[in-house]
Amino acid sequence: MDKNDTLDAKGLMCPMPIVKLAKKMKDMKVGEVLELIADDVGSKEDVPAWCKRTGNQLVGQKEEGAVFYFYIKKVQ
Amino acid sequence: MRAFPNEVIHMAETKKFAMVVSEGSFDKAMMAMMMANTAASMGIETHVFYTFFGLKLLKKGAKPKMPGMMRLFTGMMIKKMKGIGIDGYQEQMDMAKELGVKIYACNTSMSMMGIKQEDLIDGITVLGAAAFLDIGTDSDMQLFIG
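Residue numbers (this note's numbering), protein chains in the order written: chain A, 1 to 76; chain B, 1 to 146.
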């Protein structure tokens, strides 16, 4: 999946991936896609919830073993 | 790979979250800060009111300990949390400030415990219960940590 930047949050537990994601998205431009990599199982539910709440778009999601990849497009 | 190209995005309206912290132990302090920082990261307007024993968490250089006999294990808890990427208490407070979490101190508790505004960290608003309840009343979510 096309991406403009990557945020590696492996080794971080809830709520740090979300806090770091929020900070990172502030620096992105509208329309850009961020790849977030996390290994916290909670992020599977947390990241979609964050996207829904903030109005950003989760354009893709995959799992490779115990690692989760999220593709988030900045909407606003 | 799951892709959601046509997902309809609803612009989220700003929600408001009010939390009261009435205990000053390490676990309560951290729980409150992690919850507040997550809420603020989700774009939720977050207000935290520290009262009774919670108030000492707002003193300059506060180093909260686990409650009772567990206080001996505070260092171990801090180390364990660091190991999974969770910052210490002071770092959490700094993060809250950076994220725009609004923090309030209860004026009655301040008099009760002989704590003055200059004993508190910067950026704290001193309020009474009525003023905080006014904020809480038009919040979408209220939590009590005690």
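Careful, some of the hints might be misleading.
The calculated DSSO-like cross-link candidates involving lysine-lysine, where the alpha carbons are at most 30 angstroms apart (straight line), are [as the list claims (entries may be wrong)]: (1) B:Lys102 to B:Lys82; (2) B:Lys80 to A:Lys23; (3) B:Lys16 to B:Lys56; (4) B:Lys65 to A:Lys10.
With beta-carbon atoms standing in for the labels, derived distance ranges [what the hints assert, rightly or not]: (5) A:Glu45 to B:Gly114: 43 to 49 angstroms; (6) A:Arg53 to B:Gly85: 20 to 26 angstroms; (7) A:Lys3 to B:Gln90: 30 to 36 angstroms; (8) B:Ala62 to A:Val41: 31 to 37 angstroms; (9) B:Val126 to A:Glu45: 23 to 29 angstroms; (10) B:Lys59 to A:Lys3: 50 to 56 angstroms; (11) A:Lys3 to B:Met113: 47 to 53 angstroms.
Read the hints as simulated data drawn from the structure, not as lab findings.
Keep in mind that this is a model prediction, so the values were computed, not measured.
Quick reminder that beta carbons are idealized off the backbone N, C-alpha and C, glycines included.
Each hint tested on the structure:
{"no.": "1", "hint": "B:Lys102 to B:Lys82", "in the structure": "holds, 25 angstroms"}
{"no.": "2", "hint": "B:Lys80 to A:Lys23", "in the structure": "holds, 24 angstroms"}
{"no.": "3", "hint": "B:Lys16 to B:Lys56", "in the structure": "holds, 25 angstroms"}
{"no.": "4", "hint": "B:Lys65 to A:Lys10", "in the structure": "holds, 28 angstroms"}
{"no.": "5", "hint": "A:Glu45 to B:Gly114: 43 to 49 angstroms", "in the structure": "holds, 45 angstroms"}
{"no.": "6", "hint": "A:Arg53 to B:Gly85: 20 to 26 angstroms", "in the structure": "holds, 22 angstroms"}
{"no.": "7", "hint": "A:Lys3 to B:Gln90: 30 to 36 angstroms", "in the structure": "holds, 34 angstroms"}
{"no.": "8", "hint": "B:Ala62 to A:Val41: 31 to 37 angstroms", "in the structure": "holds, 32 angstroms"}
{"no.": "9", "hint": "B:Val126 to A:Glu45: 23 to 29 angstroms", "in the structure": "violated, 38 angstroms"}
{"no.": "10", "hint": "B:Lys59 to A:Lys3: 50 to 56 angstroms", "in the structure": "violated, 44 angstroms"}
{"no.": "11", "hint": "A:Lys3 to B:Met113: 47 to 53 angstroms", "in the structure": "holds, 51 angstroms"}
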